[in-house]
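S.K.: Residue numbers (numbering that gives the first Met the number 0), protein chains in the order written: chain A, 0 to 195; chain V, 0 to 160; chain P, 0 to 672.
One thing to keep in mind: the hints can contain errors.
[What the hints assert, rightly or not] Once the Cα atoms are required to be at most 16 Å apart in a straight line, the calculated EDC-like pairs of lysine to aspartate or glutamate come out as:
#: 1; chain 1: P; residue 1: K519; chain 2: V; residue 2: D90
#: 2; chain 1: V; residue 1: K28; chain 2: P; residue 2: E584
#: 3; chain 1: P; residue 1: K519; chain 2: V; residue 2: D31
#: 4; chain 1: P; residue 1: K574; chain 2: P; residue 2: E584
#: 5; chain 1: P; residue 1: K519; chain 2: P; residue 2: E535
#: 6; chain 1: P; residue 1: K381; chain 2: A; residue 2: E43
#: 7; chain 1: P; residue 1: K574; chain 2: P; residue 2: E550
#: 8; chain 1: V; residue 1: K28; chain 2: P; residue 2: E550
#: 9; chain 1: P; residue 1: K519; chain 2: V; residue 2: D82
#: 10; chain 1: A; residue 1: K51; chain 2: V; residue 2: D27
#: 11; chain 1: V; residue 1: K44; chain 2: P; residue 2: E518
#: 12; chain 1: V; residue 1: K99; chain 2: V; residue 2: D66
#: 13; chain 1: P; residue 1: K519; chain 2: V; residue 2: D27
[Said to hold, decoys possible] Reference listing, derived: stretches of chain P covered by chain V, where coverage requires no fewer than 3 residues with Cβ under 8 Å from a Cβ of chain V:
#: 14; region: 376-388
#: 15; region: 436-442
#: 16; region: 511-522
#: 17; region: 597-610
Don't read these hints as lab results, they were simulated from the structure.
Even glycine gets a Cβ: it sits at the ideal position worked out from N, Cα and C.
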Amino acid sequence: MSIEANDPNSEETPRRIWLRMVPLAVALLIGGFLFVGLNLRPKEIPSVLIGKDVPTFDLPALPGRPKGLKSADLKGQVSLVNVFASWCVSCRAEHPLFMKLKAQNIVPVHGLNYKDEGPAAIGWLQRYGDPYDRVGADLNGRVGIDWGVYGVPETFLISAEGRIVCKHIGPVMERDLQEKLLPAITALQKGGTAKC
Amino acid sequence: MLMPFMRNLITMVFVLGLAGSAWAVAVDKPMDDPVLEARARVIHKQLRCLVCQNQSIEDSNASLARDLRILVRDRIEAGDSDDETIRYIVDRYGDWVLLKPPVKSGTIFLWLGPVLFLALAVIFIFLWYRRRQTPVAAVNAPLSHDEQARLKSILDNGDRG
Amino acid sequence: MIAELGHYALVLALSVAIVQATVPLYGAWRGDPGWIGLARPSAIVQCLLVVIAFAALMHAYITSDFSVLNVATNSHSAKPLLYKISGVWGNHEGSLLLWLLILVLFGAAVAVFGGNLPAPFRARVLSVQAMIGVGFLCFVLFTSNPFERLLPAPIDGRGLNPLLQDPGLAFHPPFLYLGYVGFSMAFSFAVAALIEGRVDAAWARWVRPWTLAAWCFLTTGIALGSWWAYYELGWGGWWFWDPVENASFMPWLAGTALLHSSIVVEKRDSLKNWTVLLAILTFSLSLLGTFLVRSGVLTSVHAFATDPARGIFILAFLIAVIAGSLTLYAFRAPAMKGGGLFAPISREGGLVLNNLLLSTACATVLLGTLYPLFLDAVTGEKITVGPPYFNATFGPLMVPVFLAMAVGPMLHWKRGDVLGAVQRLKFAVAASVIALFATLVFAFDGPWLAIPGIALGVWMIAAALEEAAYRIRLFRVPVADSLRRLWRSPRAAWGTTFAHAGAGMVIIGIVASSAWQVEKLQIMQPGESVSVGSYEFKFEGAAPIPGPNYEAVRGIFQVSRDGKDIAVMQPESRKYQDPPMDTTEAAIRTGWGGDLYAVIGDPTGDGSWSTRFYNKPMIHWIWIGCLTMVFGGLVSLSDRRHRVGAPVRGKAGAKTATKMSAGAKPPTPVVTK
């Protein structure tokens with residue numbers, strides 16, 4: 000009832016061997032992709048705004064703090080725009096880094112206070128320090144949507160022409176700063192172009 | 000199911016900061032005009048909630064999903080067509096927000112894939128049937144005495160109720 | 000102490016598994032009965048050791064031993080006992096241990112009940128099974144040790160998430176895993192058959208009950224998961240084509256195909272080659288599912304950012320298992336050639352069509368699930384493949400399956416006659432035509448696709464019943480005769496009837512609940528009423544209700560129909576403090592016609608509330624249909640022909656482990672009654 004491997008009737012041509020290799024090949028191909036996939040970040044959606052002018056917006060300042068944020072403020076020099084909120088836990092992780100940037104006076108950092116309450120945001124800045132030059136209060140998150148914000152924190156690098164050069168999703172860590180943002184900032188400040 | 004839920008939870012708590020109301024169902028104020036509201040709802044179902052997994056903004060009450068629902072209603076109220084409304088969001092977040100991937104060079108294989116699979120399977124089986132028609136009968140013949148007895152015992156044993 | 004015992008048991012289990020994976024295999028090759036004989040005891044010992052480890056972890060959870068890191072992270076002393084227990088597998092490490100436990104339980108079951116398997120074959124099966132065990136034991140021990148200590152022990156655990164405390168969630172993973180791991184039996188049998196170089200009807204008889212059991216578990220697990228999503232997540236959806244859902248659905252599709260193709264191997268000694276491949280693929284998809292969930296490769300919030308070793312390890316194991324078995328397949332498959340001829344139009348042909356479509360559907364789900372990853376890897380472009388894609392591709396592929404599954408069982412073996420079969424299904428044809436027109440008349444304003452959809456579901460149910468009636472020759476012979484046939488006809492055939500009818504019920508549930516769902520979303524003042532379909536919801540008011548660890552607002556709605564009050568529905572909206580999150584407790588009222596679903600949202604500030612109501616006609620048919628399918632599986636499992644691979648006591652002892660080639664021993668006759 001069953002045919003043994005050495006059955007004379009089994010037509011063992013090379014072509015058929017290749018046919019039976021197909022499942023193996025497909026499996027290995029998928030395996031290769033999965034291996035690559037381990038190092039991908041499916042949750043990080045690249046911004047479609049890279050290379051475009053910053054959206055048109057005009058946000059008021061936080062209560063008791065001077066200087067709101069609007070599109071025109073982002074023209075004239077290279078700057079960072081950091082989307083933050085007092086309710087955001089991981090914002091605290093990146094905060095010391097922005098304090099350091101401010102102390103070193105490398106690049107102005109502006110804040111986009113996303114869906115927060117004014118007093119809470121002010122309290123947060125008093126408690127952890129205020130690294131920002133300008134802060135715009137985006138109470139209903141509508142400007143955040145114009146920027147393509149989908150999680151907090153996010154950080155944008157803006158060129159002197161007011162174009163979005165790159166976007167960092169999640170807290171900025173020392174390594175991101177050293178390897179990604181700072182080189183780009185330096186290049187832009189020298190009048191060159193940058194990508195990241 | 001279990002995993003998307005826990006994953007979302009992790010996303011909410013650790014990565015994005017807890018914006019609250021992650022798990023409450025979406026119940027927000029509908030538009031006054033039921034026709035416009037119906038259009039908004041159809042659009043909601045086509046847009047992906049960015050902080051969730053494969054859920055539409057209609058199905059999620061992540062805070063951003065709610066904001067986007069309200070935005071869609073506002074665009075429609077302002078007189079945008081359905082396409083313009085969707086375009087407005089895609090311009091900000093990219094094709095990624097479309098639950099139905101658009102047909103473009105990168106997705107050709109995705110859309111043709113099922114047809115291709117079916118065609119290959121049909122061709123394969125067609126050839127298989129054709130190849131079997133003639134010579135295989137010989138393969139079927141030689142059963143050892145042992146095997147015949149065994150086959151018989153199996154069949155007898157099983158097929159009588 | 001007990002945790003260390005558990006850890007030590009796992010280490011011992013690993014060494015036993017290594018022995019079991021090698022020695023009996025070599026023994027079977029050499030024909031050495033002593034070495035072959037090692038398979039059974041080692042499978043049992045390995046099982047006991049893993050049971051000890053699992054019990055140790057459960058002990059740590061029940062006694063809230065927070066010096067164990069895993070317990071401290073995932074449990075809390077204030078949890079009810081049930082959720083302390085389910086907490087064991089509600090986390091990465093524990094769920095892997097559960098996986099392992101089920102794997103070795105299946106292995107031990109073969110060792111204990113597989114007395115009538117030829118000894119060398121059984122040794123090979125158990126060796127292959129142990130190889131999988133070695134992989135998972137290494138994974139647990141080297142990357143995901145559940146017994147890791149945390150010193151000093153915290154006062155209390157961190158895991159008191161109220162949302163995870165739900166009976167649906169507690170039992171969803173074990174069923175899913177029983178299904179996934181159950182397919183490992185089909186895999187081990189297939190690989191053992193490849194090594195041995197033969198597949199025959201007896202092989203199919205041993206494989207079928209295991210596959211059937213795994214399929215029943217998996218079906219239950221998937222149904223539980225979707226039911227939980229429906230009643231707990233609060234927006235009335237029950238299937239989202241989420242990658243993690245797809246991860247459990249792909250093995251189900253492949254496993255369903257395997258169930259059907261193994262029938263052809265058993266009855267007609269054909270399709271052997273393909274069935275072996277399918278057995279390998281089904282388990283491979285189970286492993287892939289485990290990988291997708293455990294690695295977060297598709298869904299990642301950087302799950303492995305902290306420990307990339309896990310992702311690499313499980314992927315390496317996945318590739319080793321799949322590539323190893325498929326390589327073996329490529330070289331040994333010709334040995335499986337053979338068998339009975341049949342025309343394309345025949346019972347076998349119907350099963351081939353089933354396999355063709357199910358495999359294509361499975362490949363489509365795989366493509367859609369992994370495509371974002373492919374594209375990201377190749378071009379860096381990110382896209383979403385959401386429900387609209389799957390509805391547009393998977394749906395059309397399944398329609399012919401549903402049409403054909405009614406006809407298939409009416410075809411003769413070898414050469415059938417579709418026209419004749421359809422003629423024998425004349426009542427089913429009539430029923431579905433009537434359903435078509437009835438839907439057209441009563442629901443002409445709904446989506447037009449609902450009309451053929453309902454007719455399709457009716458066709459499936461009616462044809463399943465008519466096939467059964469035909470089988471017992473109802474009304475063609477005296478009723479007493481028919482009753483005798485009803486009792487006598489094989490249980491496996493009844494299993495088919497129930498499973499196919501159940502699938503029809505699922506279709507009707509899906510079609511009706513999505514096509515004729517009525518949904519109302521509005522702002523309501525207390526005292527206001529809203530009509531939802533033929534129901535009237537009157538808002539009586541909302542009041543704050545204090546909960547144990549949350550603040551709730553409960554809305555009270557008087558539901559009436561034709562002026563008669565039929566129910567009071569009380570949905571809640573809860574705000575938990577620690578961790579802070581809002582949840583919705585939808586009020587669901589299940590009636591014969593379907594579910595009413597009420598949700599209360601936020602107050603608007605001026606005394607009114609946002610509310611949402613659904614009327615979902617016939618939605619419970621989805622889960623009743625799933626249960627019917629599982630019931631069909633169980634009925635089929637009780638067929639005595641399937642017990643060939645199950646307990647046969649006494650006769651088959653160690654003596655059979657003499658030098659004996661696999662096929663030489665006739666199967667032990669099964670004594671029933």
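S.K.: It remains to establish, for every hint, whether it holds in the given structure.
M.R.: Results of checking the hints against the structure:
1. P:K519 with V:D90: 31 Å, violated
2. V:K28 with P:E584: Violated. V:K28 to P:E584 sits at ~19 Å, over the 16 Å cutoff.
3. P:K519 with V:D31: With Cα atoms ~13 Å apart, P:K519 and V:D31 stay inside 16 Å; holds.
4. P:K574 with P:E584: Given pair P:K574, P:E584 holds - Cα atoms ~11 Å apart, limit 16 Å.
5. P:K519 with P:E535: Holds, at roughly 11 Å.
6. P:K381 with A:E43: 9 Å, holds
7. P:K574 with P:E550: 5 Å, holds
8. V:K28 with P:E550: 23 Å, violated
9. P:K519 with V:D82: At roughly 25 Å apart (the allowed maximum being 16 Å), V:D82 and P:K519 break the hint.
10. A:K51 with V:D27: 33 Å, violated
11. V:K44 with P:E518: 14 Å, holds
12. V:K99 with V:D66: 21 Å, violated
13. P:K519 with V:D27: Roughly 11 Å separates the two Cα atoms, so the pair holds.
14. 376-388: The restraint on the region 376-388 of chain P holds, since 10 of its residues have a Cβ under 8 Å from chain V and three suffice.
15. 436-442: Violated - the region 436-442 of chain P has 0 residues with a Cβ nearer than 8 Å to chain V, which falls short of three.
16. 511-522: Coverage by chain V holds for the region 511-522 of chain P (3 residues, Cβ < 8 Å).
17. 597-610: It holds: at least three residues are needed, and the region 597-610 of chain P offers 7 whose Cβ sits within less than 8 Å of chain V.
The structure fails to meet hints 1, 2, 8, 9, 10, 12, 15 from the earlier list, while all remaining hints are met.
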